[in-house]
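Q: Read off the chains here:
There are 2 protein chains.
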Amino acid sequence: MKIYALLTSAGINIGLCALFLSLYSVLRKQPGNVSVYFGRRLAQEHGRYRDSFSLERFVPSPSWIVKACQYTEEEILSIAGLDAVVFLRLVVFSIRIFSIAAVVCVFGILPLNYFGQDMQHHAHIPSESLDAFTIGNVKMRSQWLWVHCLALYIVSFSACVLLYYEYKSIAGMRLVYFTRSPPNPSHFTVLVRGIPKSTEEPFTVAVKNFFTKYHGSSYLSHQMVYRVGKIQKIMTNAEKVYKKFVHLKDTDFDQRHRPHIYRCRLCGGTSNTFQLYRNESDLSVKKTDLGHSHSNTEEKECAAAFVFFRTRYAASVASQVLQASNPMLWVTDLAPDPHDVYWSNLWLPYRQLWIRRIGTLLASIVFMFLFLVPVTFVQGLSQLDQLQQKFPFLKGILKKTFVSQLVTGYLPSVILQLFLYIVPPTMMLFSALEGPTSHSGRKNSACLKVLYFTIWNVFFVNVLSGSVISQLNVISSPKEIPTQLAKAVPRQATFFITYVLTSGWASLSSEVMQLFSLVWNFFKKYVFGGKDDPASVPTFPYHTEVPRVLLFGLLGFTCSVLAPLILPFLLVYFLLGYAVYRNQLLNVYCSKYETGGLLWPTMHNTTVFSLVLAQIIALGVFGIKESSVASGFTVVLVILTLLFNEYCRQRFHPVFKSFSAQDLIEMDIEDEQSGRMEEIQQQLHPAYCQFPPYTQDVCDVEIEGPSDVDGQDSSRGLENDFSHPTLPGFPLSRLRRAVSLLSILVKLQNRRSLK
Amino acid sequence: MKIYALLTSAGINIGLCALFLSLYSVLRKQPGNVSVYFGRRLAQEHGRYRDSFSLERFVPSPSWIVKACQYTEEEILSIAGLDAVVFLRLVVFSIRIFSIAAVVCVFGILPLNYFGQDMQHHAHIPSESLDAFTIGNVKMRSQWLWVHCLALYIVSFSACVLLYYEYKSIAGMRLVYFTRSPPNPSHFTVLVRGIPKSTEEPFTVAVKNFFTKYHGSSYLSHQMVYRVGKIQKIMTNAEKVYKKFVHLKDTDFDQRHRPHIYRCRLCGGTSNTFQLYRNESDLSVKKTDLGHSHSNTEEKECAAAFVFFRTRYAASVASQVLQASNPMLWVTDLAPDPHDVYWSNLWLPYRQLWIRRIGTLLASIVFMFLFLVPVTFVQGLSQLDQLQQKFPFLKGILKKTFVSQLVTGYLPSVILQLFLYIVPPTMMLFSALEGPTSHSGRKNSACLKVLYFTIWNVFFVNVLSGSVISQLNVISSPKEIPTQLAKAVPRQATFFITYVLTSGWASLSSEVMQLFSLVWNFFKKYVFGGKDDPASVPTFPYHTEVPRVLLFGLLGFTCSVLAPLILPFLLVYFLLGYAVYRNQLLNVYCSKYETGGLLWPTMHNTTVFSLVLAQIIALGVFGIKESSVASGFTVVLVILTLLFNEYCRQRFHPVFKSFSAQDLIEMDIEDEQSGRMEEIQQQLHPAYCQFPPYTQDVCDVEIEGPSDVDGQDSSRGLENDFSHPTLPGFPLSRLRRAVSLLSILVKLQNRRSLK
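Residue numbers (the UniProt record's numbering), protein chains in the order written: chain A, 1 to 755; chain B, 1 to 755.
Rather than coming from a laboratory, the hints here were simulated on the basis of the structure. Hints are supplied without guarantee of correctness; some may be wrong.
A pair counts as met if it fits within one copy or between any two copies, since identical chains are not told apart.
No farther apart than 25 Å at their CA atoms in a straight line, the calculated lysine-lysine pairs in the DSS-like style are these [unchecked claim]:
id : residue 1 : residue 2
1  : K213      : K657
2  : K625      : K524
3  : K168      : K197
4  : K168      : K67
Since the structure is predicted, the reported quantities are computational estimates derived from the model, not experimental observations.
Using the sequences provided together with the hints, build the complete structure.
A: Written out as structure tokens, the structure is:
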């Protein structure tokens with residue numbers, strides 16, 4: 001690939017980017033797109049949007065970038081949560097380290113590479129091959145290879161220092177976030193799975209007895225998990241409809257457009273009519289309560305429960321200690337956030353999980369290797385000669401310079417990009433099958449899978465298939481890998497540069513444009529006549545964006561010393577990404593749950609992996625160039641980097657696994673002294689209600705003190721619990737409720753048809 | 001190698017074995033060797049040994065085998081502890097599985113292998129090459145390979161079933177052993193390391209404040225760890241001498257030989273004289289107590305302490321929960337047994353440990369590879385042709401059949417064996433440098449290192465260097481390994497058979513003979529005129545014996561289907577081993593500390609590794625023989641075996657890491673109800689006294705309730721603690737004690753010279 005082709009590609013991409021960003025700056029000002037571009041604001045701030053017509057609405061402006069960058073870290077923390085801050089920190093880290101690398105490599109190494117061979121071979125710069133700017137152009141046993149080695153040292157050292165301070169500050173932020181945030185029910189709650197089945201007593205009695213006996217001083221109450229059947233699903237859907245109707249009344253958004261009358265699109269009735277039915281339905285529920293749903297309850301109960309404790313420390317201890325001598329029974333974990341619970345996985349038997357985990361792992365690996373097919377095809381495109389040999393009829397078309405440049409410089413990345421779109425949903429599916437108990441756990445697991453997938457398929461397969469026919473041959477001889485990589489990476493550097501241009505820049509444009517939401521919103525609003533639904537604001541797709549940013553980091557590190565020409569393009573990507581991601585986190589996405597920066601260790605480890613990979617490739621290059629001194633120093637560098645990683649793991653990683661006794665106890669004491677504890681404890685039970693909030697009364701049980709349980713009274717008390725109408729007795733009462741809801745819908749429908 | 005050579009080798013070994021075992025049965029009856037062959041009985045049972053002269057004493061008899069086999073498992077458990085039972089279980093497991101394998105393979109596979117080629121090629125059986133009995137003799141694409149595959153299935157399936165029940169029963173035994181054993185101080189004690197240094201308060205105050213604040217309800221007291229200097233070491237040695245003198249009076253062993261007068265060999269004085277000095281020394285200590293050793297104490301304190309808790313559960317919780325938000329500070333672990341504490345490692349700063357662990361790991365790997373040199377040489381011996389080419393002058397000697405048979409059949413194993421003797425001490429040294437806090441931890445770590453070392457150097461290097469010139473080439477192409485192994489293992493089977501004969505059988509003979517102890521005992525007693533010292537009974541060398549048994553298991557599994565001729569020899573080894581190890585555990589070795597069967601997971605994992613390796617090699621063989629059906633079935637088998645291992649890990653392994661809340665709390669309640677708790681708690685402090693038992697008064701501190709600490713009184717109370725003469729104030733008072741002890745020795749010496 002020539003400089004000319006690169007410039008063509010860059011030109012196309014810069015043009016497209018500018019076009020999309022201008023388009024975005026116009027589109028975001030249209031009131032119709034508020035729900036697309038300001039979803040979070042609508043949902044969380046209930047802000048009204050002025051709908052004044054002005055010419056300004058149709059003039060593109062970069063003011064949104066300025067606005068996005070004005071927010072401080074504290075503001076972002078309070079708006080979008082710690083996860084968002086950690087993600088932005090990753091982008092900032094990338095900007096910092098690649099600025100350093102760009103200065104060092106572009107001014108130090110690029111001239112060395114270019115003038116590595118005798119000058120007479122050089123053509124005019126625009127038609128110069130890009131390979132002339134890589135380390136491949138440096139002479140064998142060159143005296144100047146120590147400069148490359150020094151640059152590698154500077155980059156590695158700066159990266160380690162920056163990483164260390166990032167890890168330290170994020171660990172600190174996690175702690176502060178945890179201690180300063182308002183009391184969270186999840187800190188007091190433990191998810192118990194693998195409750196042993198017994199014929200004598202139902203699960204709920206077993207849980208109560210176990211925790212009263214072994215954690216009597218700190219056990220508060222518990223909430224069983226119920227298995228959701230078909231009827232339940234129908235009912236949940238019915239309730240969703242119901243909620244939407246209710247929302248129409250409650251919301252104050254868009255009041256100016258359709259004041260006072262909330263016409264239901266389905267039936268045309270006003271909300272008042274509906275209000276009537278709501279009361280009716282409530283009444284009917286109250287009337288038709290039956291006391292004896294014992295046998296049904298037992299059938300549907302799962303071997304899982306949320307157990308509530310009096311203090312954070314007690315919950316933390318209960319979640320970490322082995323409960324029973326059979327490790328498959330009474331398995332305890334800290335419960336996820338109430339909003340974060342992945343209810344449909346909770347009923348899975350704990351014994352199944354290990355096999356599910358292995359199964360999905362194997363499935364992911366198979367998927368990863370099947371993906372070789374399109375990648376190999378794409379790879380073929382960038383080597384045009386091979387393509388022409390295979391498809392001789394293309395010769396005529398490919399002879400035209402522009403087409404040829406387009407095919408080599410642009411098409412491969414686009415095709416690869418299209419195939420890559422199916423990866424995140426697939427990995428999310430695998431992760432859901434794995435059986436995580438929280439949405440965030442599922443997303444983090446998918447993030448890891450997508451990360452491995454991306455690095456393997458974009459980096460390794462492209463690099464290795466460029467130089468060897470079969471990748472499998474290379475995997476089977478690890479000793480050869482450094483040399484193979486060293487030969488291939490500089491050669492594939494041009495592909496990576498175009499990849500940054502197309503995939504990187506384009507992904508940011510498409511992210512900011514939200515093309516899919518925009519089209520969907522248009523159809524929903526103007527074709528189906530739907531309404532904005534503030535409840536359906538998406539969460540930030542960490543499982544696609546984190547792997548993407550980390551992949552570009554990997555490309556940056558591996559190419560920085562070998563082919564520094566990639567660095568300016570990468571810097572532009574990260575700078576643009578900084579503005580775009582800030583904007584999106586502040587305006588578009590909603591943070592429904594929070595992991596407290598749990599993704600940072602993954603980011604840290606991947607960055608260290610990238611560094612070590614870059615060093616190993618450099619080692620291979622120095623080996624090929626027969627520079628033993630540089631090789632020796634690089635080996636030392638690899639060892640030092642690995643030691644640094646191990647130190648960070650020892651020093652910081654445990655903080656990301658659990659909180660310390662010291663912090664937990666101090667928070668407990670503080671709450672105890674301020675008298676807030678009672679209030680917090682009363683909120684635990686409602687928070688972990690399996691069924692939607694408006695049926696909250698179903699879950700409200702009195703908090704039982706351990707004094708309730710003594711001698712004969714306890715057994716009678718338990719029986720009473722079951723016949724108690726307000727206990728979580730899902731099936732009968734809930735079925736009735738569902739039927740009444742459906743009957744409302746039928747009535748509404750009838751009314752409409754009568755009219 | 002021919003059958004003839006094998007029989008020669010077997011003959012030599014059977015002869016040697018019989019000789020050694022007969023010699024042992026005579027030697028053990030000699031009263032002079034009591035301390036060599038009945039060390040444990042002497043030390044623990046204080047049994048007297050009858051010294052009646054009879055002819056019976058000089059007649060070899062196998063009665064010791066009968067005696068050793070008479071004990072039940074319960075008796076061994078009570079005598080030698082759970083670790084010994086677990087080790088014997090491993091031997092029993094090996095006997096069972098290799099009995100099954102021998103029946104299946106010798107009757108099913110051996111004839112198939114032998115008649116695999118056309119009969120005309122066969123010579124007379126005694127001069128038949130051993131290769132004729134391996135799978136190498138089976139024709140390509142033979143119809144009979146499914147029998148091999150079936151045999152592999154039977155062996156693998158039996159092994160998994162046996163392993164499952166062993167794991168289950170050992171996990172159960174561990175639990176029973178833990179709950180039924182008398183209260184152990186280590187269950188109530190937590191070892192804290194990484195106590196933060198502060199200029200304001202000494203470590204002991206920091207520990208007290210921290211645990212009173214965060215574990216106030218369960219914290220009992222603590223005991224600082226002191227750094228041992230040169231003077232302390234001299235003093236400890238002096239005290240050891242003192243203890244030996246004291247022991248001479250207390251012991252009732254050997255009373256009939258030298259009744260009433262215990263003459264000290266050093267000075268000739270009677271024990272009465274000594275008794276006088278002992279009182280004197282006690283007096284002098286009491287007299288010269290000085291009150292103010294504050295500054296000295298502070299200097300020598302380490303950032304480590306034993307913290308005692310009121311209940312087992314509290315200690316277990318404190319050891320598992322992260323204490324401070326900096327994971328390098330306040331690091332807690334359950335304390336080892338008092339007898340098991342490795343005092344000289346306790347003062348190591350916790351921050352150093354991770355780098356020490358990495359360092360020793362690297363050192364072990366380097367040591368493993370350096371060992372290639374002698375192994376390659378040994379390997380050369382078994383392939384005589386190569387040797388003759390290299391050293392032409394040997395041709396004359398080697399032409400003699402007997403010498404040739406000796407060199408190929410016997411010498412290689414002997415040389416390898418001699419080199420292998422230096423491995424366990426080296427690994428013990430590495431493990432000590434790693435910084436474990438207990439002797440058992442050090443031994444287990446050394447056991448793992450020796451295991452990896454043995455498997456690598458005895459199995460892999462021998463196998464691979466037999467077929468490829470450089471091992472490193474093979475490591476670098478993992479895809480080739482199954483094929484290479486498949487080619488090499490049947491070829492090296494003869495070496496492994498001789499290895500079982502020489503190394504296996506000989507190791508048992510030497511184990512039972514205790515040659516080194518015997519010689520040392522002889523010299524000590526009859527040349528230097530020393531006395532039996534019951535305190536110096538050795539502990540069982542798990543770090544050499546477990547890897548040895550596991551290695552033979554590995555050889556058995558890998559060769560069973562390919563070269564079944566090894567199985568009878570192996571069975572003899574395990575049967576003999578069963579008798580020998582029982583005998584040694586019952587009579588010779590003392591169990592000073594107990595890990596509760598912590599080695600079983602290692603044994604289980606290694607056995608599964610051996611199984612999978614055997615299956616992979618079989619896979620390679622089926623591949624070479626072009627039997628795709630057998631290959632397919634073997635792949636399934638590998639996956640099933642790995643799944644089985646994962647299931648066992650999930651189901652049983654957590655029990656070996658910590659005990660469950662349920663068990664701990666029930667034990668606590670039981671002790672509480674029986675009123676034993678007070679008594680147990682009072683014994684905690686003396687148990688973890690850093691300095692020898694007779695100076696116990698130094699460590700006796702009153703147990704402080706949390707009520708002691710309130711307001712101003714606490715600070716004064718602490719000062720008092722330091723000036724208290726009975727507090728662990730090592731330096732001055734102990735120095736005085738040492739000096740007085742030395743002066744006693746000098747006096748005794750003077751007395752003698754006067755006489």
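Q: Quick one: which hint numbers does this structure break? Sort them smallest to largest.
A: Failing hints, ascending: 2 and 4.
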